[in-house]
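Novice: The listed protein sequences correspond, in order, to chains P and C.
For the first sequence, my numbering begins at 1 and goes up steadily by one.
For the second sequence, my numbering begins at 1001 and goes up steadily by one.
Hint data in this document are derived by calculation from the structure and do not stem from the laboratory.
None of the values given here were measured: they were computed from a predicted structure.
Treat each hint with caution, since some may be false.
So, partial list: chain P residues that the calculated Cβ filter (under 7 Å) puts toward chain C [unchecked claim]:
{"#": "1", "residue": "R168"}
{"#": "2", "residue": "F170"}
{"#": "3", "residue": "L228"}
{"#": "4", "residue": "D232"}
{"#": "5", "residue": "S235"}
{"#": "6", "residue": "P251"}
{"#": "7", "residue": "F257"}
{"#": "8", "residue": "H264"}
{"#": "9", "residue": "Y279"}
{"#": "10", "residue": "N298"}
{"#": "11", "residue": "Q325"}
{"#": "12", "residue": "G521"}
{"#": "13", "residue": "P543"}
{"#": "14", "residue": "R544"}
One side of the interface only, derived from the structure: several residues of chain P facing chain C at Cβ under 7 Å [what the hints assert, rightly or not]:
{"#": "15", "residue": "I269"}
{"#": "16", "residue": "G308"}
{"#": "17", "residue": "I311"}
{"#": "18", "residue": "T313"}
{"#": "19", "residue": "H356"}
{"#": "20", "residue": "S520"}
{"#": "21", "residue": "F524"}
{"#": "22", "residue": "Q527"}
{"#": "23", "residue": "S542"}
{"#": "24", "residue": "L564"}
Even for Gly, the Cβ is constructed at its ideal location relative to N, Cα and C.
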Amino acid sequence: MKANPHKNKRLFAPAALLTGFTWMLTGPTGAVAQDVPSPLSGYATFSEMEARLTKLAESPHVSLRSLGVTTGKRNVWLLTISKGEVDNRPGIAVLGNVVGAHVLGREISLQMAEQIVSSIETNPEIANLLDRFALYVIPNPTPDETEKHYRFPVSEHTGNETRTDDDRDFSTGEDPPKDLNGDGWVTTMRVQDRFASHRSHSDDGRVLVPVDSKKGEIGEYRILTEGLDADDDESFGEDAADGVAFNRNFPFNYPYFGKGAGPHQVSEIETRAVADFLYDHPNIGAVICFSPEDNLFNSWKASSQTDGARIKTKILTSDQTIQDQIAEQFRSIYPGKDAPESPMGAGSFSDWAYLHYGRWSFASRGWWVPKAAEDANKTAEASGAQEPKASPEVPPQSENKPIAKDDKRGASDLNALKWFGQQGIPAFSAWQPFDHPNLPGKKVEIGGWKPLFLLNPPHKLVGELVNPHVELIRTLALKWPQVELKEPKAVPLGKGLIEVSCEVVNVGKMPTMPEMAEVSGQWFPIQVQLHGVDGAKWIEGSPRQSVGRLKELGGTKEIRWLFLLPSEVSPPGQLKITVSAPTILPVEQSLEVK
Amino acid sequence: MNKTQSQTPMIAPSTSSQLARPITRTMRTARAMLFCAAPIMFAATLLSQEPSTGAANSSEPSTQDVKVQAIYKAVGGPTSPKVPVYWNRYHNNEEVKSILDQLESNFPELVKIESVGNSTQGRDMWVATITNRKVGEESRKPGFWIDGGIHANEIQADEVALYTAWFLVEMHGENKFVQELLRDRVFYILPSMSPDSRHAHFYEPNSTNTPRSGLREVDDDRDGKVNEDAFADLNGDGHITQMRIKDPNGRFKSHPKFANLMLPVEPGERGEFTLLGIEGYDVDGDGRVSEDGDGSYDPNRDWPWKWEPGYVQRGAFRYPFSLIENRNMSEFVLKHPNIAGAQTYHNTGGMLLRGPGSKQDAYEASDLRVYDRIGKTGEKILPGYRYLNVANDLYEVWGGEIDWFHQMLGVYTFTNELFVSYNYFHQSAGSPEQSHEFDQLLLFGDGLLEWREVDHPTYGKVDVGGFKKNWGRQPPGFMLQEECHRNMAFTLYHANQMPLLNVQSVSIKPLGNDLTEVTAIVENQRWTPTHSAVDLKQKITPPVSIKLESSDLRVLTSQHSTDLLMRNATVQEKDRANVEVPSIGGSSVVYVRWIVAGKGKGNIAVTSVKGGSAQVDVVVP
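This is chain C alone, in the form it adopts within the complex (with noise of 0.2 Å):
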């Protein structure tokens, strides 16, 4: 690497200017001079300017860039991050909230704050809303939507979460590619869909399994008494592992290796240990322990689509958004139609996984070639990961979010299941000798509490013992950056296919009798479609809008076809200065004719919720 690239992390101008053609930034007025004497398609001449404030504002470096500019930079991360933060450890609630704050402050054009609402116990759910503020409006520029933590023991998922709005800030000034994204599209981060949980899971004694749950108070076990019979730390250490018993009956022995391993033993084979899972007490007196703790639904069983009640979808509350922090979510994402792509963040397991979560229902095809090209892609960027269906490939899931959000919205959305066992030791194993060999190994024991005798109230002298509840499903401190990182890439690969329009050419051509064909190509620069095939067939989002505004010319008819020669094109009935277009294909263009009467100067606007909006200027001469 030389000298001079190190020294210049941020983006010149003239580094600006060699992005793609101007004329196909979608937020932009590319100010479109056209004159046409022949009949000639495509003959116009489209100039354009660069706004007054472009990307290029961000490369002022600051002070402190002009202090680090000795630094070697490691590629794929910003050379001297303003907010500071470790991507190898866990954020506390009022640590996420202070890294959004930083970057807020830190950088005020791309990052705003705001909160969606309370949850059950009254932490505010912050959200970020992240664009370059300097062009184009947010509400009209394509919208990728990501959540964490819906589930507040799977952490990590709020750190890619969060990590991804650091990255985007951070990475603003010195990458093109980022700042295409931010100049083109808006970014909603929401990394803690469950806070309560969240701090529950940091500071109270939980597995790596638990709170999956919110903290609404239930009477799980329905008599009439709430949460009064919760796990319990027998031992005091912080962490709720499992319980076992000594028998010379039991169904379990101890690994040769892995002594804290219990092993299920051979048939004819004698065991040492039985089971009595994880740690606590009957204190209702019921005869069962732990069956009435905190919470005991499931965030992510409360979404529209599919609904069923908990008979039929364990974990089902009461009805769909029964839950205050997804019904404040759904209403921040309701409010923003513009929202075209949608991630979640979960673990464990290594999976991209899509819809439909229940296989008596289906998306349609064209769709789901859409799902199959991201997902595909998925595979590469994150080893060891696999792309999914949660119906067929994993189990059956009704009233997900990720089905809320294609089959409701129109919007498509994948699932990350963060954290595979691939990454122990680059192999597919999966096997739980695995887990404690990587601890052994890598981990040096930190990963688990051995087996403790603890006096028990009903089981008399018993072992408590097991992973910690920050290992199992999390990733450990050195992989914890790489984890996001790679999820991080997935998620903006996604982000960058939505669809992105364009007016690719305009060309004018007089028909006699004072009479002009206007003839736009508009273009969908993305493999996304402007409406996914389930939008369409439930009306879920308005066509994309074409207009051709102008006091000098007179409409007199308008059509558009998908076909250079114009067969089976539509006449646009009403409105016909407007050219109503129901979908704009992935990677496709769509040709808008206009005859019109008269002589002068117009605008053709277009407009699409999801697709975001372009304009050129036009002359008719």
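Chain P with its partners taken away, still in its complex shape (with noise of 0.2 Å):
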């Protein structure tokens, strides 16, 4: 190692130089003080923010509540956020980060709150929102697999405190992964190995990339994960009894068996908790996560194929139309470009909110690592990186060709290291020969990156990611369905029979409900009320008339109704129609029987 990385920490922390931990003064009130892999440093805890949640609860427009309790005893919390009465209104569902080393959506979407409900008073368009919508939001759906990335030393965690046999071989936990070289991080190990997967990059021996056969390379490294092969089935460390993700265990596309799947489908306290408080907000019509399976820049991709299968498998062509608006817009407001192919999902709780909970569904990754600016000279020495490019560690004997200019195998990692480097954050842990106990006479190096960077931007980044995603929830209402009643009318036809008709239309910029939403019958159609007419002999029609799915801009429903108001029955002075449906807010009309 030839800097040390936490160099630059050296005045505040000194007791954490040998661990990488990053000492930070916490909490509104500045007294506590904990210790937070660097990471998360600046990144609100958990009890930082309960307290936060509990500060903006004493807004009179704020009610927190918990969904449930975790196996872990932590709360799935729930803040509400709206003038007037919440659950009678349109609602949007956000929630935070549904992959627990993902802490930044949990910032993000608590600082949205923050931001939100700060400018009730002040800001119009924010008062607007919120005299006409609902705003749910969960920021830490995941609270004990959050909680594992805050502990020594720093590894990523991929489920919640129920105890699994991650590599199903009948004992659990027996193998987790290690810290082998004490310093602080559990990354990665790669042994030489000419049969193996992966080769260096010859623009920087750190990065390794697949092997490719057809351009006649040959291997150079095995990756594996840096710990020991405890119960010598000659894996490494692939049995942390590691949970059960949260983002694995909804139905759709579940992966049965998987790691971190969990014995079923919503087998846990947080997933149950906050599927059952979807169903039970039938008024919810669109919800936001946070996840690395992002599709505000991956836009789903409907096919006319799965359009027509039984069981649909993708965004339908006329949703993803919809969703498309709006994430172009959000694309056009965020700070970052070039955002990084999403990962496939199964079992995620974003398909699963469109395609079985059949609602407008939005997952955003919320950062990833910039292009690294152009002047690269720095690059490696600014960075606490701790190679120059052009590594020895590339193998001399390496027999592999350079890797050409324009292929993109190891883009990302090198752009990252650039970016790291630039920054001035260590990353990055430099490939450090170990003497594995496990792996006798070969060549084993640990290093990679650690863990958390990649997903979690600098704190100090964090802020200006906030203000987009308070923008999408604008966006989303400002498109919202809207419906208006047109040409009412009542016409005696005489002899105490009445026609009352009258049109419902959609004057919203997105339709009543996602074409998913009436596949999946999982949404509440619109409901138009005649009242007045106590006493009436119905001839067609009855008093209420459902309503399907209206399009955006002018889709348009006639409602038409016929009855005999017998001689004894007194004839109405005034009607009223009501429109009402849970995610739109209700429209009602008098008339006259004229």
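The two chains are supplied separately, each in an independent frame; assemble them into the complex guided by the hints.
Specialist: What follows is the structure, given as structure tokens:
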């Protein structure tokens, strides 16, 4: 190691030098000091989040309640923000990090709530939003999974505190990843091996890329998790009993028997609490979550094939159009570009929210490593990055040709090394030789990306990520379906026979429900009711009629009632038509029988 | 029948000793002293001893037994049950519980009753654990799960499960088969999976088809009001029947012989009636009759394997195990990985159903062979019943209970659809006329409510009538006991075929240099394997452990094979004393060999989660 990555912290944290800790003063009170892993420096801890939620709940427009208590005895907090009665107006739900390691999601959603609540009195647009909508914020749906990332040594975890047999070998937690070199981070091991799947990058020997056998390349390194082979099964650090992953526990495309999937769908306290809350709130029409499985920059793609299939597996074409409009609006104000590809999910929350729950569903990664500035001369040194280019670690015996300029393999790692270097953040641990007890005679090195850095930006960058997500909510609100009652008429046809008619028109820029909601049946249709006609004999129609999906910008349904008022019933002076559904603002109109 | 037999209904110890070789019993320690001077396979002498508390404990007649010795016994049932039950009638929740309680208090060594949790309306869900607790550990015996009434209107399902519990304990003292079954196996019997709806079916107006759902409140028509428009008993007779309206252009007419039966008219023919569906009003004024009543979901579409939401699979609720009753039950089952076979009871149609429920799903071929064998025998035990596959022979079911059992727990599971029209006249026809004729000739009209005119607020004058709620899907009283017994017999046949492991023999062969070869033959005495194929594929159940435990002997190497000559043997690489065998097939053996150094005593312990356990002592001289 050429430069101590923690040197710049020495003033504050001499004790942390050896372990990679960052020392910080925390909490609004400033009274409590605690260690947090450096990538999460500045981010609210769970207890700080609770303190800030409690503070928010002092507002008359905010309420706070727990949806459940996890195995780790943490609350799944729900913050409700609205002016007036909450549950009888359209709702938008925001979930913070559905993936524990993605602490950024918790932080952004918390700051979104703070920004919105603090501007209710001063910002008329926000006030207007909260007049019309209820916002439901669950900043940390994964409290146990998140909390694991506050432990040392720092490791990336995939599940909650349910103990699981991750490698399905009938013993649980027998071979967890380990910080073998004691640097405070659980990273990776690379083992020299001609038959392995990876080779080093010719531009930077720290970066390992998959071997391309078509190019005649040969392997150089096996990549393993930093750890032992405690159970002698030739896998390393493969069973940490790492729990059930929130974002693998939902029923759409559920990964049966997969790691982190749990014994069955929605098996966990957290997932059940969230799913039940959402089903219990038919007024919620859109769901935003934070997840590496982004669909704002990596739009879901419809296809005519899947549109027609009985079991829907992709977004429907008509819904994609709407989701794309909203995502486009978001992209236009978001500060970052060149988003990375989204990993494929299985059992994920956001897929489920659209394909089963039937709501508009947006998933935001929130941040990714930006494109590094072109001036790269100082990269390596400034970074505390541990090695210069053309590292001697490129095995001298390498038989592989250099990687061509137009070859994208390793490009994101190269860029990230450069960017973190420019920022002076030691996110990458240099490859260091290690004498591994289970790999005698092999050349083993420990190093690679430290956990959390690639998912969570330095905290000072979080601020500018908050507003675009608040704007995403506003965009939804501005496009939201809105019904109007047009051409209401009540015409007496003589002898007590009366015909009433009207048109229900959606003047919003979104349909009254996604097409998927109509398919799934998980959306409450609009109810149109005629009042003031007690005792009538119905010739056609019934007092209450339900209206299916109305398209955006003018989708219309004509409603007609025909009834007879028997002579003993006194004629109504005034009738009233009401139009309502949990996801729209109600409309009513009175009319005279002429 | 001679007098002696009729007067000794209980098994005497002499009878007990004629059971299968004692060493074959799974749960027992067969103490074997093994000496072997010559290198001859199977030369070991196995000496067994009866357990001090054996199955014979219940052979002491009680005073009640003495009193009834004069009874002429009808074979195949208990001579004089301690818990008298009429099996020609149906039992409400309280009676079910009372019977279970009485079984427990009369047979405390056999029966344990506990609640797996509460239903939506707070009723306990009772499960009976039945095994001979004096022999072996309950959790180490292969377990068999039985449940009934997940669709509560299918009420005889609960009765079959309850009958099975009653029969097993009441027959334990007088039948060798039952005695062995309770010695080697444990039964978990949950008669009522949906007790709220069972109560509703008994005491509220319903039809034979309702309530299939549980009673969680659901806004079925998604109008913001819950259960505001249930079906209604227009004429107050306690039954929900059909409505018809006179209509000279209707599509239905009365049957010439059975006036109550509505027949569709032929083309060109004029009808008399239009059918208006089940009894009810349009309470909420939305133009639809009875569209939002109790429940609406199907508890048997709530199971995790291949679960799909309601738009694909009608009746699916929010997500798998979103229904508390199923969740309660599943938590109990997951705590009992020894369950190796399962049976769920439904009605109707006389079917022995196996999964998969979806055509996009498949069971492994070797698993199907196990099902075929049980199912084909079932067709003999249950005349008129057919062994069928859900997806291909019935209809597709996504998220059914039996697929969860098989595909996620590796447990062979059947659903019996109880009652079949074959029972009417012992011929397969299933025409609507048959049930009416049966009602006339054997029920004397007790199954029907004749059409009666009532005033309907929306439709005007309509007729209400049809089959009563207790006729159609349920057997009449005089057939109920036979239905219980035959279905139980099928289930016990299945239960008896669960894997059952035994150390068949151990041989000792000196190799010189203070080394000895110890070879055990471990057999599965039944034709169900210790691991279903899906169990192996998904790594659900740990392998069979065959362990040579000894402080005197040091294991140098070990291996196992299904071949007598140990060809293609698998070498045990880790923990060599403990040979792990992935699965022991049905009616198969595995040869396990250890090379040991030293002399002295040891013990071979066989442990299988679903196949039970066995052990023998071994001595290397």
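Novice: Starting from the hint list further up, note which numbers the structure goes against and sort them upward.
Specialist: Violated hints (numbers, rising): 3, 5, 10, 11, 15, 16, 18, 24; every other hint is consistent with the structure.
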